[in-house]
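Protein chains: 2
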Amino acid sequence: MQILTNHTPASTPIPGIDHVTVAGSGTGLRHLSVWKQSMAPGNATPPHRHTCEEVVLCIRGIGELHAEGRIERFIAGQTIVIPASVDHQLISVGPEPLETIAAFSMTPVLTTSPQGEVLALPWES
Amino acid sequence: MQILTNHTPASTPIPGIDHVTVAGSGTGLRHLSVWKQSMAPGNATPPHRHTCEEVVLCIRGIGELHAEGRIERFIAGQTIVIPASVDHQLISVGPEPLETIAAFSMTPVLTTSPQGEVLALPWES
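Protein chains in written order, with the working numbering: chain A, 9 to 133; chain B, 9 to 133.
Read the hints as simulated data drawn from the structure, not as lab findings. Honestly, I wouldn't trust all of these hints.
Copies of one chain are not kept apart here, so a pair can be met inside one copy or by any two copies together.
To be verified - SDA-like cross-link-like pairs, simulated, lysine to any residue; straight-line CA separation at most 20 Å: (1) K44 / Q97; (2) K44 / G124; (3) K44 / P122; (4) K44 / E125; (5) K44 / A128; (6) K44 / Q123; (7) K44 / E104; (8) K44 / I79; (9) K44 / E76; (10) K44 / G77; (11) K44 / G102; (12) K44 / R78; (13) K44 / S33; (14) K44 / I11; (15) K44 / E132.
Bound conformation, chain A alone:
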């Protein structure tokens, strides 16, 4: 049992994406990761998929979800449920940063391109 204090996303090698892994394999978990991210306006994740389930809570800002051939907008207070192995991309489309909390059903989180190539994340996931 641990009480953790470090939860401020910090800049990463991915342009416009600040990240902190709140909890995961680095804090002793085996089946669960929780991330916080902030994405500057106009920035985006690459298209990608995970081999696990993901729930993304939008805390602030406006985002676009590109997945399954559709584009859907989401705002603070909404949540995205992403089944395992579904390609998706998130884009920060509002005037303020897009802030999210994401939970994953595995740790570390395996992330691949839509072509199945493993994407090396620049953080302990």
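Please arrange chain B on chain A, whose structure you already have, making use of the hints.
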């Protein structure tokens, strides 16, 4: 892929605890649940354990964690990491409601008493 909008915790049969299951088996997940709760000042969960891992993000308020023979205080911005099968109890000890987001590595979330008796949760977990 779903974008969900209903995230306001509502009153439950457990005194002082408002709850909403943000995502879980009811939204098609198999290995992940996310809850939001608000606990009125002076209220508490019963002592309990889950058969899965749990991460609790404190969004607002002040809480006490009773676990492993210790009492620790936590505040908004802090996070609790709870391994599987560890007994714990959360108490809202501040002047305002204790608001939390919790992620679990299973769905539905199996909850038992410290004696191992299954606790029937009054919500779809």
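Comparing the hints with the structure gives:
1. K44 / Q97: Cα proximity of K44 and Q97: one copy only (16 Å, versus 25 Å across).
2. K44 / G124: neither (25 Å within a copy, 34 Å between copies)
3. K44 / P122: neither (23 Å within a copy, 32 Å between copies)
4. K44 / E125: neither (24 Å within a copy, 35 Å between copies)
5. K44 / A128: Cα proximity of K44 and A128: one copy only (18 Å, versus 31 Å across).
6. K44 / Q123: Answer is neither; intra-copy 26 Å and inter-copy 35 Å both fail.
7. K44 / E104: within (16 Å within a copy, 24 Å between copies)
8. K44 / I79: neither (23 Å within a copy, 27 Å between copies)
9. K44 / E76: neither (24 Å within a copy, 28 Å between copies)
10. K44 / G77: For K44 and G77, the Cα distance exceeds 20 Å both inside one copy (26 Å) and across copies (30 Å).
11. K44 / G102: within (18 Å within a copy, 25 Å between copies)
12. K44 / R78: neither (25 Å within a copy, 28 Å between copies)
13. K44 / S33: within (15 Å within a copy, 23 Å between copies)
14. K44 / I11: For K44 and I11, both the intra-copy (16 Å) and inter-copy (18 Å) Cα distances are at most 20 Å.
15. K44 / E132: Result: close within a single copy only, 13 Å intra versus 26 Å inter.
Violated hints, listed in ascending order, are 2, 3, 4, 6, 8, 9, 10, 12; each of the other numbered hints is respected by the structure.
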